[in-house]
Amino acid sequence: MSDKDSKRGGITRRSFITTMGAGVAGVAASGALFSGTSQAKAPEIHKAGEAMRITLTINDHPYVLLVEPRWTLLHVLREVIGLTGTKEGCGRGECGACTVLIDDIPRYACMTLAVEAQGHAVTTVEGLMHGEDLGVVQQAFVQKDAFQCGYCTSGQIMASEGLLRANPLPSSEEIRRGVSGNLCRCGAYTHIFEAVEAAAEMKQK
Amino acid sequence: MLPHFSYIRPETGSEAMSQLSDPESFVLAGGTDLLGCLRERIFPVRKLVSINGLAQFHGITETEDGGVRIGALTTITEVETHPLIQNRFPGLARGASEVASPQLRNQGTIGGNLCQKPRCWYYRGEFDCLRKGGSQCFAAEGQNQFHCIFGGDGICFIVHPSDTAPPLIALNASAVIAGPKGKKRQVPLEKFHVLPADDLHKETVLNPDEMVTEILIPPPPPRTRSTYRKVRARRAWDFSLAGVALAVHIEDNKVVNSRVVLSGAAPVPWRSKAVEDVIQDRELNSKTIADAAQAVVEGAEPLEHNQYKLPLFQGVMEEELLALTNQA
Numbered sequence: 001m002s003d004k005d006s007k008r009g010g011i012t013r014r015s016f017i018t019t020m021g022a023g024v025a026g027v028a029a030s031g032a033l034f035s036g037t038s039q040a041k042a043p044e045i046h047k048a049g050e051a052m053r054i055t056l057t058i059n060d061h062p063y064v065l066l067v068e069p070r071w072t073l074l075h076v077l078r079e080v081i082g083l084t085g086t087k088e089g090c091g092r093g094e095c096g097a098c099t100v101l102i103d104d105i106p107r108y109a110c111m112t113l114a115v116e117a118q119g120h121a122v123t124t125v126e127g128l129m130h131g132e133d134l135g136v137v138q139q140a141f142v143q144k145d146a147f148q149c150g151y152c153t154s155g156q157i158m159a160s161e162g163l164l165r166a167n168p169l170p171s172s173e174e175i176r177r178g179v180s181g182n183l184c185r186c187g188a189y190t191h192i193f194e195a196v197e198a199a200a201e202m203k204q205k
Numbered sequence: 001m002l003p004h005f006s007y008i009r010p011e012t013g014s015e016a017m018s019q020l021s022d023p024e025s026f027v028l029a030g031g032t033d034l035l036g037c038l039r040e041r042i043f044p045v046r047k048l049v050s051i052n053g054l055a056q057f058h059g060i061t062e063t064e065d066g067g068v069r070i071g072a073l074t075t076i077t078e079v080e081t082h083p084l085i086q087n088r089f090p091g092l093a094r095g096a097s098e099v100a101s102p103q104l105r106n107q108g109t110i111g112g113n114l115c116q117k118p119r120c121w122y123y124r125g126e127f128d129c130l131r132k133g134g135s136q137c138f139a140a141e142g143q144n145q146f147h148c149i150f151g152g153d154g155i156c157f158i159v160h161p162s163d164t165a166p167p168l169i170a171l172n173a174s175a176v177i178a179g180p181k182g183k184k185r186q187v188p189l190e191k192f193h194v195l196p197a198d199d200l201h202k203e204t205v206l207n208p209d210e211m212v213t214e215i216l217i218p219p220p221p222p223r224t225r226s227t228y229r230k231v232r233a234r235r236a237w238d239f240s241l242a243g244v245a246l247a248v249h250i251e252d253n254k255v256v257n258s259r260v261v262l263s264g265a266a267p268v269p270w271r272s273k274a275v276e277d278v279i280q281d282r283e284l285n286s287k288t289i290a291d292a293a294q295a296v297v298e299g300a301e302p303l304e305h306n307q308y309k310l311p312l313f314q315g316v317m318e319e320e321l322l323a324l325t326n327q328a
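Just so you know, the protein sequences line up as chains A and B, in that order. My numbering numbers the first residue of the first sequence as 1 and each following residue consecutively. My numbering numbers the first residue of the second sequence as 1 and each following residue consecutively.
Don't take each hint at face value.
In the SDA-like style, the derived pairs of lysine to any residue whose C-alpha atoms are separated by at most 20 Å in a straight line are [what the hints assert, rightly or not]:
#1 A:47 with B:46
#2 A:47 with B:117
#3 A:203 with B:8
#4 B:117 with A:92
Covered by chain A, per the in silico footprint, the following chain B stretches (three or more residues, Cβ under 8 Å) [claimed, not checked]:
#5 101 to 112
#6 233 to 242
#7 280 to 291
Read the hints as simulated data drawn from the structure, not as lab findings. The beta-carbon is built from N, C-alpha and C at its ideal position, and this holds for glycine as well.
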């Protein structure tokens with residue numbers, strides 16, 4: 001199962017073990033599991049502090065999880081599943097470090113309840129990997145030296161990835177706007193803009 | 001970590017409304033404002049009713065009369081980029097494009113944008129302020145550089161944070177509001193927000209068991225131009241320091257009708273009748289525009305640290321009217 005997992009969507013052996021350690025049932029078989037919520041049943045109230053069972057699709061893997069209603073997607077990604085590529089910066093929608101894609105659209109995982117991500121496809125920076133190889137936007141960030149400390153980088157990469165999925169050849173103004181929801185305290189902005197431009201070109205090939 | 005709350009996600013509108021009749025419940029849509037309020041414990045919330053499963057409140061459609069209906073759950077990005085909005089109501093498309101950041105626009109909804117809680121730092125901070133049931137407004141004598149110049153009435157000096165409400169009000173839009181037992185009412189957005197003098201403890205006319213389900217924009221009169229301009233320090237995230245939404249109907253070079261609404265000015269989106277009166281039936285020449293710039297701050301009551309807003313509003317009004325005359 002771990003071999004199979006490591007080939008799909010880039011979950012490494014380490015994160016897989018972390019995942020199991022956190023008591024999460026990683027479900028191997030895909031298909032059938034995408035139905036997510038149980039549409040047939042009348043909605044039930046989930047009490048405060050009580051764990052509820054949800055299925056999240058993260059980087060094409062279905063995860064069956066027990067979560068409290070108040071847990072954010074960011075908390076579940078990092079602390080429950082162990083996908084620590086997504087960073088917590090401000091925790092209040094004002095920095096962009098926690099940017100993930102939900103149905104290909106960049107959003108802040110800190111401002112999204114995990115339970116609300118049910119039935120949607122979540123992509124984190126780990127999901128851009130091809131096995132042990134970096135994805136295109138990641139490669140471009142390395143090539144263009146688009147970071148110093150690197151803390152904001154996974155958020156920058158996910159905002160850029162989302163931009164390029166919606167708009168494969170953005171203008172420089174569109175690039176600036178596309179990553180305007182991501183702060184970089186090192187001030188690597190010009191290199192980030194160059195990296196997105198380079199990634200757009202690389203994706204064309 | 002957010003405080004504890006219970007959670008339900010109804011699958012029908014009537015189920016959602018019956019859940020909202022519980023006085024401890026709150027509507028969860030995009031969550032970009034609500035989760036922040038929960039995190040900072042601004043007000044107690046014991047139960048969230050997620051309306052995100054209700055597809056009927058999502059999307060933009062043309063109405064039979066040539067206007068537009070926007071479901072309350074439509075995201076700000078969808079409003080910003082929809083061809084109907086861009087072509088017919090450019091002021092609203094511009095307003096939506098100026099909201100927060102790309103991620104927040106992708107998540108935040110038009111209904112939520114109209115129902116935002118105030119951003120006054122005393123309200124959002126650990127201050128037992130008047131609006132939160134305390135005994136004093138800390139902004140009155142404190143740090144008030146981002147506070148209002150109209151409509152505070154010596155009580156509470158918040159500004160309404162929405163960038164979509166001013167253009168919507170300029171375009172004469174209404175909110176459709178659903179209530180308990182299938183009740184529905186329609187309120188012009190101009191009358192949707194509440195001044196501190198009328199009720200200090202709510203920002204909108206919504207009752208706790210009601211929610212906005214859609215926004216209706218009537219067809220624009222021919223030759224109406226709509227714009228929105230927002231001034232702020234940073235190009236992302238910041239709320240309006242001074243903003244102007246215009247919907248101006250010009251015939252034979254003269255203003256036949258206009259609606260002028262300010263952001264960053266008052267506890268509600270602030271309709272500037274003074275400017276509307278000054279430009280009525282006049283050509284938008286330099287004299288008219290100078291008079292409008294004077295009129296926009298008529299009756300303003302700035303506080304100690306926000307006096308800069310007066311020349312700022314004057315400049316923005318001047319520039320926006322000039323830009324309007326330069327449009328073909």
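Exercise. Any hints this thing doesn't respect? Which numbers, in order?
Worked result: Hints 2, 3, 7 are the ones this structure does not satisfy, whereas the remaining hints hold.
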